[in-house]
Amino acid sequence: MTVNICLEQITKTYYGTETPVKALRGVSLVLDKPEMVAIMGPSGSGKSTLMNILGCLDKPDGGSYSFADYDVMKMSRDQLAYLRNRRIGFVFQNFNLLARTSALENVCLPLNYAGVSNREAEKRAHEMLGLVGLAGREQHRSTQMSGGQQQRVAIARALINQPDLLLADEPTGALDTQTSADIMNLLQKLNREQALSIVIVTHEPEIALYCDRIIRLRDGLIISEETAPAAAAGGKEENV
Amino acid sequence: MNLRMIFRTAWRSLSVNKMRSVLTALGIIIGVASVILMVALSQGATAGITERIAANGTNVLVIRAAGGMGALRGAGGSALTAEDVKAISALPYVKEIAPEAETNVTATAGSLTWSTTVDGTTPAAQAIKGWKMSEGGFFTEEDVDNAAMVAVVGSTVAESLFPDNKNIVGSVINLNGLTFTVIGLLPAQGAGGMGGDQDNMIYIPLTTAQQRLLGGNEIRMITVQASQQESLAFLQDLITTTLRQQHRLAEDAEDDFRIMDMAQLLSTIEDTTRILSLLLGGIAAVSLIVGGIGVMNIMLVSVTERTREIGIRMAVGATSQDIQTQFLIESALLCVIGGLVGTLLGGGLAALFGRLSGWNMQMPLWSAGLAIVFSTLVGLIFGYYPARRAAEADPIEALRYE
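These protein sequence lines map, in sequence, to chains A and B. Residues in the first sequence are numbered from 1 upward in steps of one, following the working numbering. Residues in the second sequence are numbered from 1 upward in steps of one, following the working numbering.
Hints may be right or wrong, so weigh each one.
[Stated by the list, open to error] Cβ-to-Cβ under 10 angstroms is the rule here; a few derived chain B residues that face chain A:
| hint | residue |
| --- | --- |
| 1 | Asn2 |
| 2 | Arg4 |
| 3 | Arg308 |
| 4 | Glu309 |
| 5 | Ile312 |
| 6 | Arg313 |
| 7 | Met314 |
| 8 | Ala315 |
| 9 | Val316 |
| 10 | Gly317 |
| 11 | Thr319 |
| 12 | Asp394 |
| 13 | Ile396 |
| 14 | Leu399 |
Because the hints were derived from the structure by calculation, they are not lab data. Heads up, the beta-carbon is just placed ideally off N, CA and C, and yes, glycines get one too.
Using the sequences provided together with the hints, build the complete structure.
The following block contains the structure:
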């Protein structure tokens, strides 16, 4: 289920109260095979903006963005919501699970908005929680789970609608080294087994080493793009 | 998102801040309860009055001397006479006719004294008003012809003069110093209503009243019962013509009597109490609106507090419409629950109040329905702006919100 995701000469300027901030000044990016891409760069380089645009949370000012057959530039707010619901999954640094809500219900959330029946949604959420290694913890709430477990719930939620693209914004930023490695291995496994495109924003080189491609941003422009050794070596250890 | 999920989500959000939800709902509860209570009060009052009038029959006309309430009575004397009564009774459609002459007296029995009203009338009055005696009987035509010294007492009079409630029939009472024998006791007609206590009355034969108490052949009032409701208007015209002839009034002279149509009076009273109902209901509705403002306030706070949640929902695909619906349902649910509790509370208070005060309270089903519909509307109207604010949130900023 490989789709063509193509960004060309994307620009985005934020007009605050002070001088306008040119967050992106012409970024082009193509994802045409299920690969893991790391986006790196110092803060203010535009990586979060790029992530938001990729995830259809925000619309660029200029350039073109096509997601499969959709011309994102021409889509309405509700159409973008539809795209986020069916084709894109998000994983955040701080997990962003709903408070006072069970793991199962959190995972069901995108299906609720997709109009899937409750019974069907719960059945699929069960399976998905099993896939991320949380079988038996369906009724746990976020306060009853470790950071790693919470991130697994978030990953299950991101994957429940079988998206084409998984976007992870500093997915291991709040986790310890061992848990980070577990989460990255899980993402890598999903990438390989489910033919899923994954884009990870990170500033940790070790995390980027799990990826097939590393894109570096600075001041709203791509300054380097390299094929990471992970693709060739298939492991992290050799590159540390 | 299906409706069940929306309601489940709304219920959970409301139960997170229980105290806050209860306090907010309290505004609605008090508003709805006061609407229910006010409606029960005014409906009860209306029903009480109309019931009493209806009990006397709506096919009844009451004729009084013009200004008979005061001015003319002294100046021109009574405008109604026994001849008038005779002339009217000869008219078609007249079923019963009861002339009446009232005066205030001091009644004594044994050592007890009581101020009351004596009404001199004929047995027709009993037929028109449909009185069933609780003890003894009413006086007869013969008693009227003989100006017999007999009296039928109302229940208030009986209670005041005969507190031990024994052997009332057959006892003797003094009215302005004249001795009467009690021959009958009327049952209680019910308290309140306009025109004072209907049970604080003593009925004696018309002739006795005229000769012994009033000194003259004055008739203050004539009650006419028509044989059928439909002929009432026609009968009223007939009586007018007859009385004008009787009183030899010139073509351009005004009537020196007034005819009151009970059906007309009833509808006037109903109109009046309906306006009263609306007024009371309106005042109560204001408190419901104040409650609605409280709901809006809390919903705005809730939207701000849950900005992050809104962001998460939008990120996983909720449309603006989804978010708006969620918050609207939440405020509507709060108000519907408030409306239900308020209806029960208002109904309970009305029942309690009715029992304590002895007032007639009536809680029509429509008032409960109206209260609940109205509180739902309050929820939707005052929830709209906060819901709109939530729906218009920018997903990126909402996600970043701390």
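Do the hints match the structure? See the list:
1. Asn2: holds, 7 angstroms
2. Arg4: Cβ of arginine 4(B) sits 7 angstroms from chain A, so the hint holds.
3. Arg308: holds, 7 angstroms
4. Glu309: holds, 6 angstroms
5. Ile312: This interface hint holds because 5 angstroms falls under the 10 angstroms limit.
6. Arg313: holds, 7 angstroms
7. Met314: OK, holds: methionine 314(B) within 10 angstroms of chain A, min 7 angstroms.
8. Ala315: Interface hint status for alanine 315(B): holds (5 angstroms vs cutoff 10 angstroms).
9. Val316: Holds: closest Cβ of chain A sits about 4 angstroms from valine 316(B), inside 10 angstroms.
10. Gly317: holds, 2 angstroms
11. Thr319: This hint holds: threonine 319(B) lies near chain A, its Cβ roughly 4 angstroms from the closest one there, short of 10 angstroms.
12. Asp394: Where the cut-off is 10 angstroms and the nearest Cβ of chain A is about 8 angstroms from aspartate 394(B), the hint holds.
13. Ile396: holds, 5 angstroms
14. Leu399: At about 7 angstroms, which falls below the 10 angstroms cut-off, the nearest Cβ of chain A leaves the hint on leucine 399(B) intact, so it holds.
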